[in-house]
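Asks: Sequence:
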Amino acid sequence: MKAAGKDHERLYRTSDNLGNVLTQYRGFGPFLVSMFKNIYKINPVDPAISTIKAHILHSFAPIFAVLQLIVAFCLTFFLWDVSGSVASISLIFTAILIIALSAYFFFVKEQHLMRAPAIYVLRLFALCLGIFWVTILVTIFPKESDIGQLIACLLVMALMASAVLFLPVAGASALFSAVVGLGTCAVILYDWAKFHHETLYLLGAIIFFIYTCIVVLSCALIRELLIGYLIKRYYLEQRNAILTLLLGDTSDIAGDWLWETDDEGALTGVSPSFKHALNVQEDVLYEQPFVEIMLQKASQNKGKSFFEDMERLKECLEQRLFFRDLIVEVQKENETRYWSLSGRPLFQDQKFVGYRGVGTDVTHIHNIHRKASFRARHDEMTNLPNRTAFFDDMEFYLVEAEQSQEVFALLNIDLDGFKSVNDQYGHHAGDYVLSQIAITLNKILGEGDTLYRIGGDEFVLINKKTSKEKANLIAQDLIKAITSKPITIKEGASWTPGVSIGIVLTKGGMETVTDLLAASDLALYEGKKRGGNCAVFFDSELETLAQRKLSLLRDLSLALDEGEISLRYQPFYDAQTQKLRGFEALLCWKHSLYGRILTEQIITIAEESGLIQKLGLFVLAKATEFAASWPEHLILSINLSPGQILRKDFINEWLIVLDGTKFPPHRLQIEVTETIFMKQSAATFAKLHKLRDRGVAIALDDFGKGFSCLGYLYFFPFSKIKLDRLFIRDMLRDQRAATIVKGIVNLAVDLSISLTVEGVESREQYDYIVGLGCSEVQGFFFAGPLPPKTVIQLISKSGEIVQ
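Sequential numbering of the sequence shown, starting at 18, is according to this note's numbering.
Be aware that a few hints might be false.
[To be verified] As a list, the in silico BS3-like pairs of lysine-lysine whose alpha-carbon atoms are at most 30 Å apart:
1) 596 - 665
2) 481 - 507
3) 806 - 631
4) 566 - 502
5) 388 - 349
6) 631 - 545
7) 679 - 631
[Claimed, not checked] Computed beta-carbon distance windows for the label pairs:
8) 577 - 646: 20 to 28 Å
9) 392 - 683: 16 to 24 Å
10) 734 - 500: 54 to 62 Å
11) 788 - 649: 29 to 37 Å
12) 752 - 577: 28 to 36 Å
13) 679 - 384: 54 to 62 Å
14) 337 - 788: 33 to 41 Å
15) 448 - 788: 24 to 32 Å
What the hints contain is simulated information worked out from the structure, not anything from laboratory work.
The beta carbon of each residue, even a glycine, is placed where N, CA and C say it ideally should be.
Please put together the full structure from these sequences, using the hints given.
Replies: Written out as structure tokens, the structure is:
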């Protein structure tokens, strides 16, 4: 690649300024030496340039053939009297060569003409053709009159000039010219020495030798200039294409605006449409820096994102960076508008001279994206932020609290007895109750409070800059507001809700969102044990959580033996047809003391207690036994933890279970995360290959969440990758997340790997990923983890009858 780059640079400079090149080579002689060293070299240029050269050669070939035939006819006409047979042979042989050349160009594809084998064939053709013409000249020259000899020399000169049409082929034109020219010189010298001892013949041979040198030199030089020109044109087209991609269509008709600044950031020119959009007097427009003008046009609603965008624009202009699609919020005619700005720095002789860019009014598109983002982050029934928004915002709150050392409270709110409403009055009544509860809760919220509905009858309230006393006061107000007034469900029927609240206080630090939610769940469960309608604080030192973990470590083995641990199955669907593709088996443990235990916590506890293999075999046996009754095309997906695969007898134990349940391996899919490869990666890959050889599909789960996923895709032929829900959560409101999702979908397509998108929770998210060409989808938009009975009903409803 470095050698190719040097050749490009040399040829580029040759086409740009021959005088500078001669100066650099310190004289014409060294330049000729350098050029002749490369005369037969097949330049390692870009494929696009080779394609252009092949096209030129393909276009010139007919002209070259016609010239050869013309010379052959002329020889036949002028030399018939000398030797009719020789003239006939020359015409016939020329015709045969031209036919052969034409056939070669017909059968060899144009894009293959600049490859090494084709170039060697064309060089051989040039050599043979040159030898043929010299042979004809040797035969007829001594027998011809002076006029005939002169005509023969002129024809040879025309032949040598025609070699310029073979320039794209490295060395072919120079080879043909040299053979014909030097052969002619030898024929003239031979005739001078043996038949004509006149000085004119000797002088003619010398002149012909000089002419041959000039032609060969010209071929070499013109080829250098031709290739240099092609490279220069190609890279110019590349730069124009990059500029077009960077700045987009700059036509005012298309709604885009042009702008340009000097090296100090002041506008030096704007298109008429942009001048109209800015609505700034012309004497002011060209006196102020571009950033200052944008600040003057800025919207009055200057939120955090506005200042971040303006700061980024200022930073790019100061540091002379490319920027693209930078959205700024402006005020125009008492209306908030959104402009997209793109720009690139300009340099002349390596000196910065300013910026040139485009701008576009993207208000309509921005509003569409904002509405889609709102729907993706909000619950449709209550209009409250949803679970996705909660996890997203909590990450920010934790960092903010740690930096400011200000306490905020997480209040986990759960209705008591809500299930009876759905059972007695139906889900429509339940939805109405939840909407009324949301209205009631919203009325109590303070300035620093944010309320979320994270699922079912569970709400979460974030109370910032608070204290234990303030958080308790808010909790009591919530309980009073919810329980003080019955909700009329329908005429003659009402329901008085109860509520339990679990509260956890934090300053950020080492806590995670999952830890805090688990802590609030524990406090909430304690409140329900006390009879409900109360608020319980979780110990801020998390001592209870540690005790809970030790208790769970002790109880897991007993829970496995007594059947307290069961499985739930979350379906995944074909993204394009919405047809059911299979189910992922997930652990479910409802502890008698601590309530529902999350799947991730069960896995962690099992690995720490040494029960992971026992738990894994339990999941495999129970899931495959249940899935054996499904239709044959449905897939069972099971998660595999690092603790399982590192065991020496892992493969044998799994195969024994599969043989026992008679579940077909080709219907089983194992999901692994990149953490499984952190240790003993060679052994891990070997075991996975053994499973894959038995027909088991291997999927890479949580793709994009870690640091080394691309390396694992290279070293192991995964059947599927599952995109982590992190990017799906943010893609409709964050361009970076959307770009990553698009890139991973394209990566899966290029690698011919199936892609499952996890965490699809809204119609907008589903429509977006379907448009990208995703293979499979999974998430609460379709269904959460289901018990076996519901799985059977779902399969039956989807048209598949369970045997």
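Asks: Against the earlier hints, flag every one the structure doesn't satisfy and list their numbers going up.
Replies: 1, 2, 4, 6, 9 and 12
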